[in-house]
Amino acid sequence: MRYLFLSLELIGVVAFSVSGAMVSVKKNMDIFGVSLLGLVTAFGGGILRDCLLGATPPVFFTNYWMILAGLSAALIVFFVARILKERYFSNEAAIEKINNVFDALGLGAFAVTGAQIAMEAGFEKQWFLVISMGLVTAIGGGLMRDLMLREIPFVLNKRIYAIAALEGATLYYILRLLHCEQIAAALSGIALTFILRLLATRYNWNLPHPRKEGK
Amino acid sequence: MRYLFLSLELIGVVAFSVSGAMVSVKKNMDIFGVSLLGLVTAFGGGILRDCLLGATPPVFFTNYWMILAGLSAALIVFFVARILKERYFSNEAAIEKINNVFDALGLGAFAVTGAQIAMEAGFEKQWFLVISMGLVTAIGGGLMRDLMLREIPFVLNKRIYAIAALEGATLYYILRLLHCEQIAAALSGIALTFILRLLATRYNWNLPHPRKEGK
Amino acid sequence: MRYLFLSLELIGVVAFSVSGAMVSVKKNMDIFGVSLLGLVTAFGGGILRDCLLGATPPVFFTNYWMILAGLSAALIVFFVARILKERYFSNEAAIEKINNVFDALGLGAFAVTGAQIAMEAGFEKQWFLVISMGLVTAIGGGLMRDLMLREIPFVLNKRIYAIAALEGATLYYILRLLHCEQIAAALSGIALTFILRLLATRYNWNLPHPRKEGK
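Here the protein sequences come in this chain order: A, B and C. Taken in order, the first sequence gives residues 1 to 215; the numbers are from this note's numbering. Taken in order, the second sequence gives residues 1 to 215; the numbers are from this note's numbering. Taken in order, the third sequence gives residues 1 to 215; the numbers are from this note's numbering.
Bound-form chain A, shown alone (with noise of 0.2 Å):
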């Protein structure tokens, strides 16, 4: 069980290290800055929920295996990225791909996550703080990100993003609610999140906006 979550989250970790870690070397960021922005985007979520939850000092601080790991992730983008230098660079588009696939499944297991930290903490009778700490959990990291590098947050332009985690986050609650089995709860939890994204970027799924014209 402990050991599901903690797979979980170090794929939510890898996954979202690399893709802040992408961002600043697009923007040709130094070797700290890279690093930060890996770590900020990783973790930076979790920070926010244990903040809003009063569970300080977050827990990151003392996560040491996982600090580690998303160090790791964004400092093996920059190498890469500086080794490859022309390689990486015109490839990026193809490697953005594959971004894609792991950070929809770290938004699910993020959401999932959050969620089920929120329950832990006392408050499983209150749903939308559970589903809130989900939401907050898998998208506050990337929404720092943006913000740090001056962008208007993804999550609020990339169609079906925050969307897919809340009701990914939405569906765990309500399968723990109906007791079903955490592992099956979370599983199908990571699922939704997953395939939505995944559907909603290839078949380019739009939500209703003001004026149809587009962006």
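There could be a bad hint or two in this list.
Capping the alpha-carbon separation at 16 Å, the derived lysine to aspartate or glutamate pairs in EDC-like fashion look like this [as the list claims (entries may be wrong)]: (1) Lys26(C) with Glu96(C); (2) Lys27(C) with Glu96(C); (3) Lys27(A) with Glu96(C); (4) Lys27(C) with Glu167(B); (5) Lys27(B) with Glu151(A).
Which chain A residues stay away from chain B? Per the calculated CB distances, all over 10 Å, these [claimed, not checked]: (6) Leu10; (7) Lys26; (8) Cys51; (9) Leu52; (10) Thr62; (11) Ala69; (12) Asn91; (13) Gln126; (14) Thr170; (15) Ile183; (16) Arg211.
Just so you know, these hints were derived from the structure itself, not from any lab. We put the beta carbon where it would ideally sit given N, CA and C, even for glycine.
Chain A is already provided as a structure; the job is to place chains B and C on it using the hints.
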């Protein structure tokens, strides 16, 4: 008494959610982005205040009626804009004027309730904290909205905005210190903020700038 | 002992408030905006640290002498710029050089006091948390200032900025672990940060980037 503060908060939530939604609609965000930014604008200040006071999880997350009010306000803006289309967008200036009046009311209401909550939390002796919490509650949400939309926060630009909230909270605090009745103190604080804001908009009041030649 | 840390903090507060005010004056903010950004730059890092450590409300809000010092520093910058006008703006580069020296001192002072506060809060065994709190205290305020002014945070750009704070906090922590006297440890940590920053500015040191051709 309780009803007074509930009504004040409701006015603030609706006014701020409408203003957050209007800005997002102007940027043609999708329905989820509009809802999220409405909620962030309406509740961001209160969430920040609760975190600073250590009152976690912030009361927002269990305040279902307020959430519903904020969400409905944002969605109404979204659908009005979507249905009316050009008629909405060509009359935006007029709508914004109406919104400004509500916003001034919300600003005052949040400044007073923020100060009140800090006093109830046992800090009634610490004037700077009480007044700061009024300010944070009043301008925090708008600040987050502007950060997420990559605008220079207009609390830093708009003449006499933050300062009106600051003075409303200060007046409320002083009147309470003088054992003035809570309802009279609250209404005075709100009236001060409201009138300052409207006069400042009407007569283009400005605080001094380093260079006179304006913005 | 207490006096040492008070003086260090005072230097940090004044230096950071001046730097926040100078950036706001350059953007021609009004007197309230300049004061607010001065205070945010000076105290933002400490507020963030206290929230992360669960020490709420943050000590800033009851630290009246420090608030007064920070506010005065920001207002002096405002009035100097307003009175001298062209003479101020044409000599900004020179002023900024002086400010850089203070900023380096403040950076070191905040890195050390941040680490010290985390240790006093009972986390002296958790090296990553202690050093992180030094870093957060030192760079948090500048980060918030840059976010609010819509700049790419220069902690991500400026060579050897965050890393100087990191190394100062680390040195302080290691010396304390080795039972070095507090005053010697503090001065060593500050000196390391200070010298690293000044050397990096003087000799244009850079950390490695993914693409060599620079930004």
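Requested in this report: Mind listing which of the numbered hints don't hold for this structure, in increasing order?
Outcome: Hints 3, 4, 8, 9, 13 and 16 are the ones this structure does not satisfy, whereas the remaining hints hold.
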